[in-house]
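Peer 1: Here's the letter readout for the chains.
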Amino acid sequence: MEKNYHVCTGCGLLCDDIEVESEKNIVNKVYTACRVGVAHMKEARRAEADFRVDNKPVDEATAIREAASILKNARNPLIFGLGTSTNETQKIAIELAKKTNATLDDTSSFCLGPLVEALIQDKLKTCTLDDIRNKADVIIYWGTDPSDSHPRQLSKHTYFPRGSEKQRGWEEERTAIAIDVRKSHTAKICGNYFFQIPPKGDAEFIDALIAGLSGKLPKTSYNYPPKKLLELANILKGAKFGVIFVGRGLIYSLENLEPLFKLMKILNEKSNFHLIPMVGNCNTMGFNKNLFAETGYVNSVKFENGTVKHGPEYSVVESLKAKTVDAALVIGSDPLLILPGSIAKNMLEIPVISVDHCETLTSKHSKVYINTAISGVEAGGSAIRMDGVKVSFEPVIETNHPSEEVVLKKIMEAL
Amino acid sequence: MDFGSFLSAPEIQVKVITYRDIFQDKAMFEDRFGEEYRNLSAVIKLDPADLKQLNVKKGETVILKNSFGKVVVKAEESGYETPHRGIAYMPKSPWSNILVSDETGGTGVPKFKDISVTVTSAKGEKVTELMR
Chain A
9 MEKNYHVCTG CGLLCDDIEV ESEKNIVNKV YTACRVGVAH MKEARRAEAD FRVDNKPVDE
69 ATAIREAASI LKNARNPLIF GLGTSTNETQ KIAIELAKKT NATLDDTSSF CLGPLVEALI
129 QDKLKTCTLD DIRNKADVII YWGTDPSDSH PRQLSKHTYF PRGSEKQRGW EEERTAIAID
189 VRKSHTAKIC GNYFFQIPPK GDAEFIDALI AGLSGKLPKT SYNYPPKKLL ELANILKGAK
249 FGVIFVGRGL IYSLENLEPL FKLMKILNEK SNFHLIPMVG NCNTMGFNKN LFAETGYVNS
309 VKFENGTVKH GPEYSVVESL KAKTVDAALV IGSDPLLILP GSIAKNMLEI PVISVDHCET
369 LTSKHSKVYI NTAISGVEAG GSAIRMDGVK VSFEPVIETN HPSEEVVLKK IMEAL
Chain B
52 MDFGSFLSAP EIQVKVITYR DIFQDKAMFE DRFGEEYRNL SAVIKLDPAD LKQLNVKKGE
112 TVILKNSFGK VVVKAEESGY ETPHRGIAYM PKSPWSNILV SDETGGTGVP KFKDISVTVT
172 SAKGEKVTEL MR
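These protein sequences, in sequence, are chains A and B.
Using the numbering used here, count along the first sequence one by one with no gaps and you end on 423.
Using the numbering used here, count along the second sequence one by one with no gaps and you end on 183.
Simulated from the structure, these hints should not be mistaken for lab results.
Hints are not guaranteed to be accurate.
Unchecked claim - Over the 10 Å line for every Cβ pair with chain A, so calculated as not near, a few chain B residues:
1. Asp72
2. Lys77
3. Lys108
4. Glu111
5. Val123
Unchecked claim - Straight-line Cα separation of at most 25 Å, SDA-like style, residue types lysine to any residue; simulated pairs:
6. A:Lys353 to B:Asn117
7. B:Lys108 to B:Glu81
8. B:Lys109 to A:Asp156
9. B:Lys66 to A:Asn264
10. A:Lys37 to B:Gly85
11. B:Lys162 to A:Asp215
12. A:Lys208 to B:Lys177
13. A:Lys133 to A:Lys80
14. A:Lys270 to A:Thr315
15. B:Lys177 to A:Thr40
16. A:Lys353 to B:Val160
17. A:Lys353 to B:Glu127
18. A:Lys208 to A:Leu356
19. A:Lys191 to B:Tyr131
20. A:Lys64 to A:Phe269
21. B:Lys116 to A:Leu356
22. A:Lys245 to A:Gly349
23. A:Lys133 to A:Met272
24. A:Lys372 to B:Lys109
Unchecked claim - Chain A side only, calculated, beta carbon under 10 Å to chain B, not exhaustive:
25. Asn81
26. Lys329
27. Thr332
A quick note: this is a predicted structure, and the numbers were derived from the prediction, not measured.
Think of the CB as a built atom: it goes at the ideal place given N, C-alpha and C, for glycine as much as any other residue.
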């Protein structure tokens, strides 16, 4: 019997081997997915009303009209979110931003954006998760804990699977290494290959590792045992196909990416190393790529009468902090939940349009709320996996809720 | 001996490191306004010696305070084998975000994993409710 596999859009892994049992357009059982994936695909909490203006239920046309009116009247609206939206939705959002002279940003501006930009610009060597499954012998998790953030990554792609060139798997042919400030669940799996460093100690650790790779004595101000660092350097030197998965723990600890560039350079002189950012949302990578294709920037842009400006001042954090935006269209994100409270509170002073499949802190404080289909569960499209591979998906169930794509098109028309 | 232990309500300074937790993420997907999400989010994990100095038992609430905000969360033991006095852990959530600095140096990147707070016993005060 031919099986019908679905794609889980619960995180940046976009697992494509999911089976579900559904009845009357309700997902009852989800097989293969992780704990988060199951919750995502069975996501149930809907808002009481599908469309709201000023917290009162309205019809779709009224909500769309009010959303368009907010954007039309704004001098500098912020369009934010889109990390869980399809490529097709993201492209419309970029057009909408152009049309409304908006500031456009996503979470990557305060997450892994600089790293993704460097990868898109071919400044760092990368590979696919399939390459890793088939070939990787040394896997480093640096400032990231996939056991909690990307739960199936170790079993499906990196450490545990039997790849075409790695049939003996983790027992004999793969080494997983964790470098982190705390003993995460992933660090526990890595056992003796867990290297615990103090907070903000990453840049020094990289320097010491580079010294170790160059045959010098590795030293740190926090007296990391040189013997252990040399042991790590030797493992990396011997790698035939290595990969570093970089998380926010590392990025937040570095002033800039230079130490990482230096490390990758020397690693590729001594052996063969690739880098993949641990992108969280299912299509943050798509947003970065789609915006880059259109503007040459991955995030934090401001459109103005046919021109595009870019810089941290156009990031969601700085534009809210400086109160330079006077309205916001938030698509599939909850800035009131994910941003520092002292910055997020400024959103309460401007009219917000929330387009989301569930009730969020932001939707509860929005002037307009439009409840949409869940991308990947109730609406089809495509997204870009954390390693840059495009994944297409069909809806798992049908719904009466409009897709984000349809909503944005309607707002565009109403403008 | 720390001076703090002579005060009637001892207080300690800790650096908070935020992290992801799959159980908490799952609870958020299901209902971010629900009890399970709150129970798994509004938590600080401390070194047992820090808990002792605070005169707080695990499961009791503590006040976390700095110049950016104040929040009441439940105190737990971290469970890490290696002592880590002065360093505490919180799952990333609106509760930890209340304490994140708005000083970004114009970079657009808040210091989500570099939070300093004062911890004191909340003396039975309830966990801070999410803004609704």
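Peer 1: Is the claim that Glu111 of chain B lies outside the interface with chain A correct, judged by CB distances over 10 Å?
Peer 2: holds, 23 Å
Peer 1: Check whether the Cα positions of Lys353 of chain A and Val160 of chain B lie no farther apart than 25 Å.
Peer 2: Distance of about 17 Å is within 25 Å: holds.
Peer 1: Please verify whether Lys177 of chain B and Thr40 of chain A have alpha carbons no more than 25 Å apart.
Peer 2: violated, 39 Å
Peer 1: Just to be careful, I want the Cα atoms of Lys116 of chain B and Leu356 of chain A compared with a cutoff of 25 Å; is the pair within it?
Peer 2: At roughly 23 Å apart (the allowed maximum being 25 Å), Leu356 of chain A and Lys116 of chain B satisfy the hint.
Peer 1: Measure nothing beyond the straight line between the CA atoms of Lys245 of chain A and Gly349 of chain A; if it is 25 Å or shorter, mark the hint as holding.
Peer 2: With Cα atoms ~44 Å apart, Lys245 of chain A and Gly349 of chain A exceed 25 Å; violated.
Peer 1: Straight-line Cα separation of Lys37 of chain A and Gly85 of chain B no greater than 25 Å?
Peer 2: Roughly 22 Å between the alpha carbons, so the hint for Lys37 of chain A and Gly85 of chain B holds.
Peer 1: Measure nothing beyond the straight line between the CA atoms of Lys133 of chain A and Met272 of chain A; if it is 25 Å or shorter, mark the hint as holding.
Peer 2: Holds, at about 8 Å.
Peer 1: Is the Cα-Cα distance between Lys208 of chain A and Leu356 of chain A 25 Å or less?
Peer 2: Given that 25 Å is the threshold and the Cα spacing comes to 33 Å, the pair is violated.
Peer 1: Would the hint linking Lys64 of chain A and Phe269 of chain A be met if the CA-CA limit is 25 Å?
Peer 2: violated, 52 Å
Peer 1: Taking 25 Å as the top limit, are the C-alpha atoms of Lys66 of chain B and Asn264 of chain A close enough?
Peer 2: holds, 22 Å
Peer 1: Below or equal to 25 Å on CA atoms is what counts here, so check Lys372 of chain A against Lys109 of chain B.
Peer 2: Not OK: Lys372 of chain A and Lys109 of chain B at ~33 Å, beyond 25 Å, violated.
Peer 1: Lys109 of chain B and Asp156 of chain A were given as a pair; does the straight-line alpha-carbon distance stay at or below 25 Å?
Peer 2: Satisfied, since the Cα-Cα distance of roughly 24 Å is no more than 25 Å.
Hint compliance for this structure: hints 1, 2, 7, 12, 13, 14, 15, 17, 18, 20, 22, 24, 25, 27 are broken, all remaining hints hold.
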